[in-house]
Amino acid sequence: MIFIFPFIAIWLIGGFAIDIESLEIYIPILEEVDTRVWGGLSLTFIMAIFAMLFCFPIGIFLALGRRSDLPVIKYSSIGFIEFWRGVPLITVLFMASVMFPMFLPADTYVDKLFRCIIGITLFEAAYMAEVIRGGLQALPRGQYDAAKSLGMGYWKMNALIILPQALKIVIPGIANTFIALFKDTPLILVVGLLEFLGMINLAKTNPEWLGFAAEGYVFAAAVYWIFCYSMSRYSQNLEVRFSTERK
1 MIFIFPFIAI WLIGGFAIDI ESLEIYIPIL EEVDTRVWGG LSLTFIMAIF
51 AMLFCFPIGI FLALGRRSDL PVIKYSSIGF IEFWRGVPLI TVLFMASVMF
101 PMFLPADTYV DKLFRCIIGI TLFEAAYMAE VIRGGLQALP RGQYDAAKSL
151 GMGYWKMNAL IILPQALKIV IPGIANTFIA LFKDTPLILV VGLLEFLGMI
201 NLAKTNPEWL GFAAEGYVFA AAVYWIFCYS MSRYSQNLEV RFSTERK
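Take 1 as the starting number for the sequence shown in full-length UniProt numbering and just add one per residue.
Worth flagging that the hints you see were computed from the coordinates, not collected in a lab. Quick caveat, the model's predicted, so the values are computed rather than measured. You may find that some hints are simply not true.
As the list claims (entries may be wrong) - Straight-line alpha carbon distances no greater than 27 Å define the calculated DSSO-like cross-link-like pairs of lysine-lysine that follow:
no., residue 1, residue 2
1, 183, 156
2, 156, 168
3, 148, 168
4, 204, 112
5, 168, 183
To be verified - Simulated restraints on C-beta separations:
no., residue 1, residue 2, range
6, 106, 226, 33 to 39 Å
7, 155, 208, 32 to 38 Å
8, 139, 241, 18 to 24 Å
9, 149, 201, 57 to 63 Å
10, 219, 108, 37 to 43 Å
11, 219, 99, 30 to 36 Å
12, 83, 155, 33 to 39 Å
13, 213, 99, 21 to 27 Å
14, 225, 134, 24 to 30 Å
15, 146, 241, 21 to 27 Å
16, 40, 151, 22 to 28 Å
17, 213, 75, 33 to 39 Å
18, 202, 240, 58 to 64 Å
A virtual CB, placed ideally from N, CA and C, is assigned to each residue, including glycine.
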């Protein structure tokens with residue numbers, strides 16, 4: 001259910017709801033909320049979950065591209081991965097927020113939140129690609145030869161034989177990347193978006209909350225720990241379910 005939350009949140013904050021009478025027509029019956037005033041834990045979830053949903057498939061294609069026999073695809077994937085891995089995430093967010101709009105036509109506007117989501121997604125996809133590549137390299141060559149002997153093409157072989165085995169091997173690495181992504185979301189504070197931790201920083205400037213900064217940070221630490229630990233435990237359950245340990 002947590003993965004459905006961003007879509008519901010964007011739908012409602014965007015000012016739309018379902019027409020109860022027809023159940024088919026979608027009409028703007030709520031007041032639209034500008035993304036510049038979005039904030040809090042909901043913004044953290046929106047950023048993190050959208051980035052997780054898109055960085056995973058992009059990482060798969062990059063990992064396959066890096067192992068491709070076609071030089072153009074291989075070196076393009078290598079260049080993309082190494083570029084994003086070599087740039088700090090703060091720099092990526094700054095470029096997405098400040099520099100990127102300068103290269104757009106004067107009458108073109110791309111929402112800042114959308115730009116930041118794209119930046120975080122591409123950044124984490126590079127790390128995800130290396131995690132998945134490790135799983136691909138761990139498979140014995142015989143798996144590829146067996147799939148080819150059955151007459152499978154490249155995409156069918158990877159979809160049915162190679163990737164299911166490779167992804168099972170790297171479940172811990174995938175979970176680690178998702179946890180790191182979730183903990184990286186407070187960095188959007190540098191571009192003026194106030195997610196969960198940013199709202200706590202803003203609250204401590206309120207005279208009514210003076211002297212309670214420590215409690216706010218302790219609460220934030222507890223929330224991050226709960227969600228990160230939950231992802232870690234879920235990945236461990238997946239490992240047991242799919243029996244990733246080699247005996």
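Taking the hints in turn, this is what the structure says about them:
Between the alpha carbons of residue 183 and residue 156 the distance comes to roughly 35 Å, so the proposed pair goes past 27 Å and is violated. For a cut-off of 27 Å, the pair hint linking residue 156 to residue 168 stands: about 18 Å separates their Cα positions. Between residue 148 and residue 168, the direct Cα distance comes to roughly 21 Å. Compliance with the 27 Å bound is thereby established for this hinted pair. As the CA atoms of residue 204 and residue 112 are separated by approximately 25 Å, the hinted pair is consistent with the 27 Å bound.
Taken as a hint, the residue 168 and residue 183 pair is honoured in the structure, with Cα atoms around 24 Å apart against an allowance of 27 Å. Between residue 106 and residue 226 the CB atoms are about 46 Å apart, so this pair departs from the stated range of 33 to 39 Å. Judged by the Cβ atoms, the range 32 to 38 Å given for residue 155 and residue 208 is violated: they are separated by roughly 59 Å. At roughly 20 Å, the beta carbons of residue 139 and residue 241 sit within the given window of 18 to 24 Å.
Checked against the given bound of 57 to 63 Å, the beta carbons of residue 149 and residue 201, roughly 60 Å apart, stay inside it. At about 40 Å, the beta-carbon gap between residue 219 and residue 108 stays in the expected band of 37 to 43 Å. Distance hint check: the CB atoms of residue 219 and residue 99 are about 35 Å apart, consistent with the given range 30 to 36 Å. With their beta carbons about 26 Å apart, residue 83 and residue 155 fall outside the hinted range of 33 to 39 Å.
Distance hint check for residue 213 and residue 99: the Cβ-Cβ separation is about 33 Å, which falls outside the suggested range of 21 to 27 Å. Remark: the range hint 24 to 30 Å for residue 225 to residue 134 is upheld by a beta-carbon distance near 27 Å. Our hint of 21 to 27 Å for residue 146 and residue 241 holds, since their Cβ atoms are close to 24 Å apart. For residue 40 and residue 151, the Cβ-Cβ distance of about 54 Å falls outside the hinted range of 22 to 28 Å, so the restraint is violated.
Hint check: residue 213 to residue 75, Cβ distance near 49 Å, so the stated range 33 to 39 Å is violated. Taking the beta carbon of each, residue 202 and residue 240 are about 42 Å apart, not inside 58 to 64 Å as hinted.
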